[in-house]
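A.B. asks: Chains A and B supply the protein sequences, listed in that same order. Last residue of the first sequence: number 250 in this note's numbering, and the count goes up by one each step with no gaps. Last residue of the second sequence: number 250 in this note's numbering, and the count goes up by one each step with no gaps.
Note that these hints are calculated values from the structure, not bench results. It cannot be assumed that every hint is accurate.
Any copy will do: because identical chains look the same in the list, a pair fits if it lies in one copy or spans two.
Stated by the list, open to error - Taking lysine to aspartate or glutamate and the EDC-like style, the derived pairs with C-alpha atoms no more than 16 Å apart in a straight line are:
1) K11 to E115
2) K195 to E134
3) K40 to D50
4) K182 to E71
5) K114 to E208
6) K182 to E79
7) K114 to E202
8) K100 to D68
9) K224 to D68
2 protein chains.
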Amino acid sequence: MIRIVIIGGGKVANHLIKAFLNTSDVQLIQIYARNIEQVKQYEDQTDLTDNLQKLKKADVYIISVSDDAIEEVSSNVTEKGLVVHTSGTVSMNSLKNAGKKGIFYLLQSFSKDKEVNFDEIPFCLEAENDEDLELLEQLALTIGKKVYHITSEQRSYLHVAAVFVNNFTNHLYSIGNDLCDKYNVPFDVLYPLIKETALKIETLSPKEAQTGPAIRNDNTTIKKHLDVLNKHQQELYKTLTDSIINGKKL
Amino acid sequence: MIRIVIIGGGKVANHLIKAFLNTSDVQLIQIYARNIEQVKQYEDQTDLTDNLQKLKKADVYIISVSDDAIEEVSSNVTEKGLVVHTSGTVSMNSLKNAGKKGIFYLLQSFSKDKEVNFDEIPFCLEAENDEDLELLEQLALTIGKKVYHITSEQRSYLHVAAVFVNNFTNHLYSIGNDLCDKYNVPFDVLYPLIKETALKIETLSPKEAQTGPAIRNDNTTIKKHLDVLNKHQQELYKTLTDSIINGKKL
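Modelling step: build the complete structure from the supplied sequences, incorporating the hints.
C.D. replies: Put into structure tokens, the structure is as follows:
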């Protein structure tokens, strides 16, 4: 039985807490939160503390706090267990605990009130040695199904890639929404297309799946499109169109 | 029973032909294709022709040819039925048949070999009068479930919106794929995030769903990200980041 402590009370911490409380293969023996109110709802199920000096002895400490607090928080973990954090951008070396270090990064976009299907979430794991990596893998598989070994360097690139396919993509949806609103078209007309675009790449690479006026050099349509956009949207349209054309040349 | 003729042998035409041959509520009495080989597979099921002068008498003629061929092809339809085209960008007035005109636009990205679930596809319909619009609605509902009345003007904006949420989004997936390839990370790590991003907007508007370094003015992370990108990717990253920041101000 793996004994763990979760350090943090934010979105990711809360999703992890719920998942680990739901499995009998892991003992979540303690939760630390700076503001204990954030985790008050679990008080009947495990021990809560807002004092880092009172952490219990565990096999794994999962630090899930804001990026810039990881160094300081980890330096306060004096117990011997494996200490991991859940950030996509902070390197493993930023952990300042005396003992063993690792990464337990869940590559997904979490919403506070939306339930998460852990079976679908990739666990990106890293550790200093094989034994610790195996422990993290065991731990991940108690609540999930998809486990990847990703180095801190790879993770830094993966995080940028995630910004492109998540943050930037969502922004394009937002532009689509604005255009629909402006011309009284219900945005839900676009849902099936959005869904199909996202699912298609599981069977066809994005390069192969690329369609539209940019890839086929259809300047008549591109001109028509630019005519209906505002200046801000035009700039985005041009940059993305140029990028598709450049990508084709590569 | 609605009697229809389909004019065209491309991707959309083929998907429509299969769907209409599969329903008993519509009689597909003829298919025209300039190159009859494209539709040869249907020769046992309906009449085929490569001669526009030999079109049969029908209630609806669906023209599904390339955008720049619509004017000429439609001018050759001398029969009296309702003539519609399936393009996202060409206006209804571009139809040059003598009789009634309309639009039968399917807002989806079609792949040649991938089956289509018509129940999920929005049919964007337009006609010159209510009676014709009702006929098109009836026709659409024999193979699909989602029907919208969209004017030619609205359709022109909708088509630009579709470019943003489909073509441009797919291009961002492509950048994500390139980054993964370069650093030996399997691209499938990103599938769940891509899927979640696309599905989330059905419950949360894209503006509400926006996360990431741009929206929270996290310049440390933005700088880290720019450091690992090539010049071409950097330009895209900056434009999209600025656009998110600008959008926040609006």
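A.B. asks: Does each hint fit the structure? Answer for all of them.
C.D. replies: The hints, checked one at a time:
{"no.": "1", "hint": "K11 to E115", "result": "within (11 Å within a copy, 39 Å between copies)"}
{"no.": "2", "hint": "K195 to E134", "result": "neither (36 Å within a copy, 28 Å between copies)"}
{"no.": "3", "hint": "K40 to D50", "result": "within (11 Å within a copy, 74 Å between copies)"}
{"no.": "4", "hint": "K182 to E71", "result": "neither (46 Å within a copy, 29 Å between copies)"}
{"no.": "5", "hint": "K114 to E208", "result": "between (33 Å within a copy, 13 Å between copies)"}
{"no.": "6", "hint": "K182 to E79", "result": "neither (58 Å within a copy, 38 Å between copies)"}
{"no.": "7", "hint": "K114 to E202", "result": "between (24 Å within a copy, 12 Å between copies)"}
{"no.": "8", "hint": "K100 to D68", "result": "neither (20 Å within a copy, 66 Å between copies)"}
{"no.": "9", "hint": "K224 to D68", "result": "between (46 Å within a copy, 14 Å between copies)"}
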